[in-house]
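From first to last, the protein sequence lines stand for chains G and Z.
Residue 83 in our numbering sits at position 83 of the first sequence, and the numbers go up by one each step.
Here our numbering = 1-based position in the second sequence + 1000.
If you are wondering where the hints come from, they were derived from the structure by calculation, not from laboratory data.
Take the hints with a grain of salt, since some may be wrong.
[To be verified] Computed list of chain Z residues with no C-beta within reach of chain G, every gap over 12 Å:
| # | residue |
| --- | --- |
| 1 | P1037 |
| 2 | I1054 |
| 3 | D1056 |
| 4 | V1075 |
| 5 | K1103 |
| 6 | K1140 |
[What the hints assert, rightly or not] Using 16 Å as the maximum straight-line C-alpha spacing, the simulated EDC-like pairs for lysine to aspartate or glutamate come out as follows:
| # | chain 1 | residue 1 | chain 2 | residue 2 |
| --- | --- | --- | --- | --- |
| 7 | Z | K1165 | Z | D1016 |
| 8 | Z | K1141 | Z | D1016 |
| 9 | Z | K1104 | Z | D1090 |
| 10 | G | K80 | Z | E1042 |
| 11 | G | K80 | Z | D1119 |
| 12 | G | K88 | G | D75 |
| 13 | Z | K1017 | Z | E1171 |
| 14 | G | K70 | Z | D1119 |
| 15 | G | K41 | G | E29 |
| 16 | G | K70 | G | E84 |
| 17 | G | K21 | G | E38 |
| 18 | G | K85 | Z | E1042 |
| 19 | G | K72 | Z | E1042 |
| 20 | Z | K1129 | Z | D1109 |
| 21 | G | K26 | G | D16 |
| 22 | G | K88 | Z | E1163 |
| 23 | Z | K1103 | Z | D1016 |
| 24 | G | K80 | Z | E1198 |
| 25 | Z | K1192 | Z | E1163 |
| 26 | Z | K1165 | G | D75 |
| 27 | Z | K1072 | Z | E1163 |
| 28 | G | K88 | Z | D1156 |
| 29 | G | K32 | G | E64 |
| 30 | Z | K1140 | Z | E1006 |
| 31 | Z | K1017 | Z | E1163 |
| 32 | Z | K1162 | Z | E1042 |
| 33 | Z | K1192 | G | E84 |
| 34 | Z | K1103 | Z | D1119 |
| 35 | G | K85 | Z | D1016 |
Note that beta-carbon positions come from the ideal geometry of N, C-alpha and C, so glycine has one too.
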Amino acid sequence: MALKKRESNTYKVGRDSSTGKFIPVKQAERRKSTAVVETIKIKDRTYSTHSDPIHTTSGVSGAEIIRGLKIKQSDVQAAKNLVEKSQKGKTTHKK
Amino acid sequence: MPIPDENSVFINIPYDKSYEHIFVSIIAALISIGRMPRCTLEIAEGGQGRLTRIHDLLESCRVSIHDLSCVKTPVRFNMPFELGLACALDRFNGPHSYILLEKKNYRLDKTLSDIKGRDPYIYGGSMLKVVQCVLDALGKKEGQPEMTRVRKLAVDLWQIAKEIKKNNKVETIFNRTSYYRLISVGVEYAVKRGFIPESNGGNSS
């Protein structure tokens, strides 16, 4: 075998120094003057590119967001008023 | 260790006046896809220590968004520091995913070379582009809302944010009261426009 796995992030390969071809590690270790044993590092793939998109299948409801953030009912009511006011403003503006 | 909530998203953004519209856009985009925006504005000063509570909040979220585009003086280290916490969380306590945002292409390679190889989403300082980045990174598998509708939501929420500031007589939106008010308005808009159901029994588009 040309490849010999030792650790999860590195492995050894044997290489013939005259031809450059891969050879079994055991053979390379035996032929010290005409072959070498190389250690190949496996690149860390954690930081390869964008993180994978983290898509959801189901989101939360409005009530769950309000509950999750412990938003007071007075804030919710004030928000409703603000939205209503802005919508009224738009209607008036259109007229 | 608390189990991270799949739908909670931690927002790590500079609390600077020039980033208000970006913050509002991220909130609008998250709410439109049924995600729960979380940030350190929720954290009240308590005896526990701010760092512990930031860590707890981050740990309770499955995903975090980190804007690393603030490189002006005075230098602010909060964003890279919180990204470091997120990286450690992913590495040792996972699962935790983090999304990077930058205004300019390739700048992150210089400002934070340790994270080289991981591409940030580039939004060019535009509140409409940042909506696209959030939807690209976190959008729904099925029934993704239309980009134009989410952008409209972001623009309308930004108008309301200005009004909230005026009503509360504050300089920026980056305070607890305004933040909660903003979220409430965002939810109200999202429900009315059919992005998310009002409660679990309802329907969403």
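**Request:** Decide if the proposed pair is consistent with the structure: G:K70 and G:E84, CA atoms, cutoff 16 Å inclusive.
**Result:** 23 Å, violated
**Asked** Does Z:K1104 pair with Z:D1090 here, judged by a C-alpha cut-off of 16 Å?
**Response** 26 Å, violated
**Prompt:** Regarding the pair G:K85 and Z:D1016, is the alpha-carbon distance no greater than 16 Å?
**Reply:** At roughly 28 Å apart (the allowed maximum being 16 Å), Z:D1016 and G:K85 break the hint.
**Asked** Is the nearest CB of chain G more than 12 Å from the CB of Z:K1103?
**Response** The assertion about Z:K1103 holds, with a minimum of 17 Å to chain G.
**Request:** Measure nothing beyond the straight line between the CA atoms of G:K88 and Z:D1156; if it is 16 Å or shorter, mark the hint as holding.
**Result:** Holds, at about 14 Å.
**Asked** Holds or violated: is the Cβ of Z:K1140 farther than 12 Å from all Cβ atoms of chain G?
**Response** Nearest chain G Cβ is 6 Å from Z:K1140, so the label is violated.
**Request:** Assess, step by step, whether the Cα of G:K88 is no farther than 16 Å from the Cα of G:D75, and give holds or violated.
**Result:** Measuring from Cα to Cα gives roughly 20 Å; hence the hint is violated.
**Request:** Quickly compare the C-alpha distance for Z:K1103 and Z:D1016 to 16 Å and report which way the hint goes.
**Result:** Distance of about 15 Å is within 16 Å: holds.
**Prompt:** In terms of Cβ atoms, is chain G entirely out of 12 Å range of Z:P1037?
**Reply:** 8 Å, violated
**Asked** Was Z:D1056 rightly flagged as not at the interface, with every chain G Cβ beyond 12 Å?
**Response** Answer for Z:D1056: holds, closest chain G Cβ roughly 15 Å.
**Request:** Compare the distance between the alpha carbons of G:K88 and Z:E1163 with 16 Å, and conclude whether the hinted pair is satisfied.
**Result:** Measuring from Cα to Cα gives roughly 15 Å; hence the hint holds.
**Item:** Hinted pair G:K80 and Z:E1198, Cα distance within 16 Å
**Value:** Distance ~13 Å between G:K80 and Z:E1198 Cα, so the pair holds.
Against the hints set out earlier in the document, violations occur for numbers 1, 6, 8, 9, 10, 11, 12, 14, 15, 16, 18, 20, 25, 27, 29, 32, 35.
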